[in-house]
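There are 4 protein chains.
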Amino acid sequence: MTRTAVVAGVGPGLGESIARRFVAEGCRVALLARTESYIESLAADLGDAALAVPTDLTRPEEIEAAFEEVRREFGPVDVLVNHASGGAWKGARDVSLDEFERAWRVGARAGLQCSQEALDDMLGGDGDGTGSGDGDGTESGDGGTIVFTGATSSVRGRDGAAAFSSAKFAVRGLAESMAREFGPRGVHVAHVVIDGGIRPPDRAVENPEEYLDPDAIADSYWHLVEQDRSTWTLELDLRPHVEEF
Amino acid sequence: MTRTAVVAGVGPGLGESIARRFVAEGCRVALLARTESYIESLAADLGDAALAVPTDLTRPEEIEAAFEEVRREFGPVDVLVNHASGGAWKGARDVSLDEFERAWRVGARAGLQCSQEALDDMLGGDGDGTGSGDGDGTESGDGGTIVFTGATSSVRGRDGAAAFSSAKFAVRGLAESMAREFGPRGVHVAHVVIDGGIRPPDRAVENPEEYLDPDAIADSYWHLVEQDRSTWTLELDLRPHVEEF
Amino acid sequence: MTRTAVVAGVGPGLGESIARRFVAEGCRVALLARTESYIESLAADLGDAALAVPTDLTRPEEIEAAFEEVRREFGPVDVLVNHASGGAWKGARDVSLDEFERAWRVGARAGLQCSQEALDDMLGGDGDGTGSGDGDGTESGDGGTIVFTGATSSVRGRDGAAAFSSAKFAVRGLAESMAREFGPRGVHVAHVVIDGGIRPPDRAVENPEEYLDPDAIADSYWHLVEQDRSTWTLELDLRPHVEEF
Amino acid sequence: MTRTAVVAGVGPGLGESIARRFVAEGCRVALLARTESYIESLAADLGDAALAVPTDLTRPEEIEAAFEEVRREFGPVDVLVNHASGGAWKGARDVSLDEFERAWRVGARAGLQCSQEALDDMLGGDGDGTGSGDGDGTESGDGGTIVFTGATSSVRGRDGAAAFSSAKFAVRGLAESMAREFGPRGVHVAHVVIDGGIRPPDRAVENPEEYLDPDAIADSYWHLVEQDRSTWTLELDLRPHVEEF
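So the sequence lines, in the order shown, correspond to chains A, B, C and D. Per the numbering used here, the first sequence starts with residue 1, numbered consecutively. Per the numbering used here, the second sequence starts with residue 246, numbered consecutively. Per the numbering used here, the third sequence starts with residue 491, numbered consecutively. Per the numbering used here, the fourth sequence starts with residue 736, numbered consecutively.
Worth flagging that the hints you see were computed from the coordinates, not collected in a lab. Treat the hints loosely; a few may be bogus.
[What the hints assert, rightly or not] Covered by chain C, per the in silico footprint, the following chain D stretches (three or more residues, Cβ under 8 angstroms):
(1) 837-847
(2) 894-908
[Unchecked claim] Covered stretches of chain B (in silico footprint by chain A; criterion: 3 or more residues with CB under 8 angstroms from a CB of chain A, positions within the stretch not fixed):
(3) 327-340
(4) 343-350
(5) 353-359
(6) 406-413
(7) 422-434
Please read these numbers as outputs of a predicted model, since none were measured by experiment. Glycine residues also receive a C-beta, built at the ideal position from the N, C-alpha and C atoms.
One chain only, chain A, in its complex shape:
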């Protein structure tokens, strides 16, 4: 079975590693991000299994159009990675309401909207004409997987990072709520807490041991996709072995 995956918020680093790994496992992968030149060059590198869909995740109409394009090119979505996050690294007195809102829109609101689009494919309608399934067992979809990328600040509000922490908590609350709502209906919702810095793809670092290898992170994302429905994980943490935590 060829699965269709969407990585929302792909960039050099972890997003790219996830996309590469999913293609290597036989998925068709749609790359959603604002930077057109980057995702088109990545898609070209990945070949026919990849599709660049330039999307500003803060704009609902762009997300809607992106999923339409994905369905047209690759069919219904089976796997979604909500990977975007943003936010000025500022304290609660210094962050503006606009910066606060933007961090939440990129992380939580885009995460909800992308999930709604994906759930339409994963659950299908149930023939009652309401446009959404109601869990009565007549849904036509065959399930799927939605993974949210979290951070240390998803579980521990960080001093000096009010907007980032609050948005990351919002994403986690959304993921937990969705896991409880859609697990019984065949959709696996998971949240990964990445606790540490990810090794930068474009420059050497002094102590590489102190960073998470993005390809190794992608192993755990793929493990989540492959988990049997009798043993689904809601949350796992990942960190370098030398990380203090």
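Given the structure of chain A, go ahead and fit chains B, C and D onto it with the hints provided.
Just chains B, C and D, lined up with the frame of chain A:
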């Protein structure tokens, strides 16, 4: 010392109990809420120590004006209770982006903005002309207390309540981040997890034991205000003794 | 109403502050600890409301005898503070099995046994001849409060403190289980996470702001005892305002 | 590379699935449990890669002898699964101190002792004659993996299961402490929260969807063993997709 307190999001039930208790302890209390008739009647009942300030907490300019009025009438703010929350009780497929955003604005964004206003009074400027303190010890404020009202869904994303859960998580992440940032600077930030239904003020219930008494909750809010700075609580939970949890 | 309280594991510092505060609130307080000279001198200082009961909390027969003496002198127990903890501060490779066991016995096993003794008084029998209540509503006791003293390591296993962390987690698991079992039957079980060093009673410290004031901690213990049964707290944390966490 | 694994507390069900999976991945696997006939029959079925070592995990001298035998037959230990747990399913008033202690000994104390034995192999000595490494970089071992099996009650003390909950919390505290202590020295310590019933190997169940498949659980255990040291997981949860949680 007469303290000035702001209860943002006061209504019959817990908000009112907090306001009454704070007045009884000698505070001047500003009541912020949208329903003008209700808060004016409550203020009239509470006397000179209370001030009704009709405010739509989703409107930044109204929050700004409200705090100006509070300062003009009652002086700088010493205690803030971020008590508002909102959100359609819907699952992640059924909630609209607008409903999702509104729940977050009432809880998290208004909580941030009210806190920013209060922090200006609690921390003061530090004479460096930047308009915000920088923690170098020259701040002129004398500290204060900010309490956020949370719920079961603040710590456990609830099935079928995506917007409410996500907004409540966002508030908790903000509170934790602020506690770490402002504790060392003399502002006590706390988060109360109310785990259960609050006894309704206006009607009898069949099993009153199953509800939290809002006056009893107000005892714990006041305890947080009174805690010595050597022993500050970030989070406590409250529930009826018969609650299953 | 004069309440009878037992502080199991009293010493200079927090245990003593709790005992003093409870006496000041009108309780009769039994002081259980191994160091006879210390608790007798404290009891003499506190007057008729205090009773020194020398007890090695690692010895079940001594705990049993201690509660018999408390009942004989002060009547049935209404409040219990499980305050003892112990454990070599060693890593998992260096701690011996005996040290590991001793830390657990002082914290968790003594905590269970003291609670069993107190629950006999708090719940009473229910007349079915089995010697323990079964929650069918016919129990004769009038409830009570059991507070466990926890630490940072109760919620976060500490590097280099395997025995202490494991024992503190064991205590917290016991407290949570008991809170769920006995809350509906009228016994309030709470767990306090003390996150930081307690100000030493017998010497000056360089930066007193960095320590918790034991008298201030005792305020929160008393608040727990006084909470209305409609709003019981299972867990709260306490730390100095300058603590990094 | 052929790895030597020890499964401490193997039985029909998850322990056996783990052993089978590890053998399939090329490990030599030592099976430690009290029931001699069962583990010998399992070892016979698994062939030369398996070794039955009858061991009562409540007896320190038997654990010591077991690891000696494992080393003699299979060489130094690379992977340890601390899988045993025990405990009467009783409330805090009804459980005896002996039952409480036994649950802790099987889970926490045996977990510590087996880990100490395994760490000797994983870390080696460091040539300073003290018999234990000190993390100064001269240790001779090449690291390894220690996985603890947890349960719902590891993170949520259960009503009516005081001994089980307390022992499971104790195990989790030990695992967290060890993860922080030994991660930087090359040993991956992980804790798996199994949230639900495991499908019984020996009888049909009415609703198989409600159970975790032990072979599928073993997939996640193996994933933990295989994780790159730049991305180690401390904790993950596993549950059936229909589980309410």
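Going through the numbered hints above, which ones does this structure break? Give me the numbers in ascending order.
none
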